[in-house]
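**Q** Chains A and B are the protein sequences, given in the same order. Quick note, the first sequence lines up with residues 1 to 325 if you use full-length UniProt numbering. Quick note, the second sequence lines up with residues 1 to 325 if you use full-length UniProt numbering.
Think of the hints as simulated: they come from the structure by calculation, not from any bench. Some hints here could point you the wrong way.
[Said to hold, decoys possible] To spell it out: a stretch of chain A is covered by chain B in this simulated footprint if at least three of its residues, at any positions, have a beta carbon under 8 angstroms from a beta carbon of chain B; those stretches are:
1) 22-30
2) 114-128
3) 147-155
4) 167-180
Note that the Cβ used here is the ideal one computed from N, Cα and C, for glycine as well.
There are 2 protein chains.
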Amino acid sequence: MGIKDEFDFINKISSNQQIPKSVIEGIGDDAAIIRPHHKMDTVVCKDTMVEGVHFKRETMKPHHIGHKALASNISDIAAMGGIPTFYLVSIAIPSTWQEQELLDIYCGMSELANQYEMTLIGGDTVSIEGPLVVTVTVLGEIEQGKVLKRSNAKPGDFVFLTGNVGDSAAGLHILLSDNTSNRKHTNLLNRHQLPSPQVKAGRILKGLPRASANDISDGVASEAIEIATASQVNIVIDEYAIPLSEEILSFGRKEAIQWALYGGEDYELLGTVSPENWDQLLLEFNKENIRITHIGNVVRGTGRVFLNNNGESIELKKAGYNHFG
Amino acid sequence: MGIKDEFDFINKISSNQQIPKSVIEGIGDDAAIIRPHHKMDTVVCKDTMVEGVHFKRETMKPHHIGHKALASNISDIAAMGGIPTFYLVSIAIPSTWQEQELLDIYCGMSELANQYEMTLIGGDTVSIEGPLVVTVTVLGEIEQGKVLKRSNAKPGDFVFLTGNVGDSAAGLHILLSDNTSNRKHTNLLNRHQLPSPQVKAGRILKGLPRASANDISDGVASEAIEIATASQVNIVIDEYAIPLSEEILSFGRKEAIQWALYGGEDYELLGTVSPENWDQLLLEFNKENIRITHIGNVVRGTGRVFLNNNGESIELKKAGYNHFG
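Here chain A stands alone, though its shape is the one from the complex (with noise of 0.2 angstroms):
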């Protein structure tokens, strides 16, 4: 690997962190200790990234890699409400790859990470022949008591979107193409090589009494087949409700919507609430200028999702989605 001292990178990578009174011990022992904050409960996640499977050279630098490992986890800890507090990260290295990218890949992550203030507090670093893997586990904290299940929907519920979706699926097809005057769209790369989780929507939801979540890594599809099948409802989406940016319709419609369904990767946050908490969810929202949409209901049902169109309905699937196909 193009690690030359190991002990000396790993001190290149965590030298710079605050290090909050909850971590015992950080990175230097056979494993980390952290004080659970009093009534709180722990969240963890695991979420793993192959180069040539979840990304390309071409398509992300190292420190775009770096920050989607880790958004993809903080995204999942935000998709149950809760706050991102510490991470681990494991890096099976090629030889090909050089110490500075590999920095870049830890400096994409650990500027995510002061976002929310996060600490590193292990992991590992292994030679590989092979693709580069990164894996990392978020741990966090939430309320004792609060946590927005999949399982949590109920016929009469809204089914609410956060922000815009099909916008990173966008940004790869841009990435992949050979026609590079679409790379003006620089806020479409942004959604796909530097997504934002939605913690702080997150937070809001799960002061609710009652609310379900998803975020949006396998498409809009695939997350409301995951709450339907959970909470054994049904889900119905109206397709023009469906939260779109200007960038993608610009690819036309018929396009954006595949992305936006089938795309996945945008880490929005996707979910169901109860109407009568519908007026004051806006007002926080809008507090907190992060936009929400309703686009759907829920109904009696047995965990199927269906897309209503100029009154034409559909059932949507679980497509995969061939990123690189």
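Given chain A, put chain B in place with the hints provided.
**A** This is chain B only, laid out in the frame that chain A set:
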């Protein structure tokens, strides 16, 4: 990858688990939620095993790979004095691996996990065009203020070692050798393929007013140097006190000592305790039927480790042992 239906696969690997009350949300949502016990700190560590670097298919069956990937992490928790409680598994799967082999990996983990009443609470499965990569995160708990830090060693302390060392490297040597007659040493093969982390030993040690510990993942030399460096002391080890099994001595004393010093993956504990606690410690280890040996002493110094042999003293260095070299 060899998994037809990820949902079905996750069901297969998690359906037989006993779920303790401290798991508020297990596998199946964006993240897991667990409730920390009162006055306990959280211990967390993460280790990656890469095919071709940490194991080969010729030397490790799938259930060995699973067992060892989890064991190496439990061993890190043990070396802090903690109790392992939960684990998350990320696995990057080449298309050449069959679903049954992958299930065997998880089975190797869950057999070991059951011994410690540990619960699988998350992770992910992704595909890779390259070798198999398994990353395990283990969470545990430890009484507040009780940690076997590497920096806890003081001049005058006894240096101890649990069990025997060198067996794992000997087992690997046998597995890689054409001389199949040595395969009769099943104990050595087991020490390599199915290592036992020393959780009980760690729990006894954390009861002392002060102790340091490292688990033997990289060999006695490397682990002793880490303790000496972190504590800013020197360590002097008596070569003839290092506990070696009769089986590895049958390969010659010189080879056996090299395996002990530089082989690693024995997952025994090496550490230091005050001499005034030694007799009590021996009693408690005897009660639990765990072997512990006084192999040297801590002296004033600056992070160096020496090996005494018949009046000669040589300094030990962090020599990298190339498993498949």
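**Q** Closer than 8 angstroms, Cβ to Cβ, for at least three residues: run that test on the segment 147-155 of chain A against chain B and report holds or violated.
**A** holds (count 3)
**Q** Three residues or more, CB to CB closer than 8 angstroms: is that satisfied between the segment 22-30 of chain A and chain B?
**A** Result for this restraint: holds, n = 5.
**Q** Report holds or violated for chain B covering the segment 167-180 of chain A, Cβ cut-off 8 angstroms, minimum 3 residues.
**A** Violated, because only 0 residues of the segment 167-180 of chain A bring their Cβ atoms closer than 8 angstroms to Cβ atoms of chain B.
**Q** Are there three or more residues in the segment 114-128 of chain A whose C-beta lies closer than 8 angstroms to some C-beta of chain B?
**A** holds (count 7)
Checked against the numbered hints above, the structure breaks only hint 4 and satisfies the rest.
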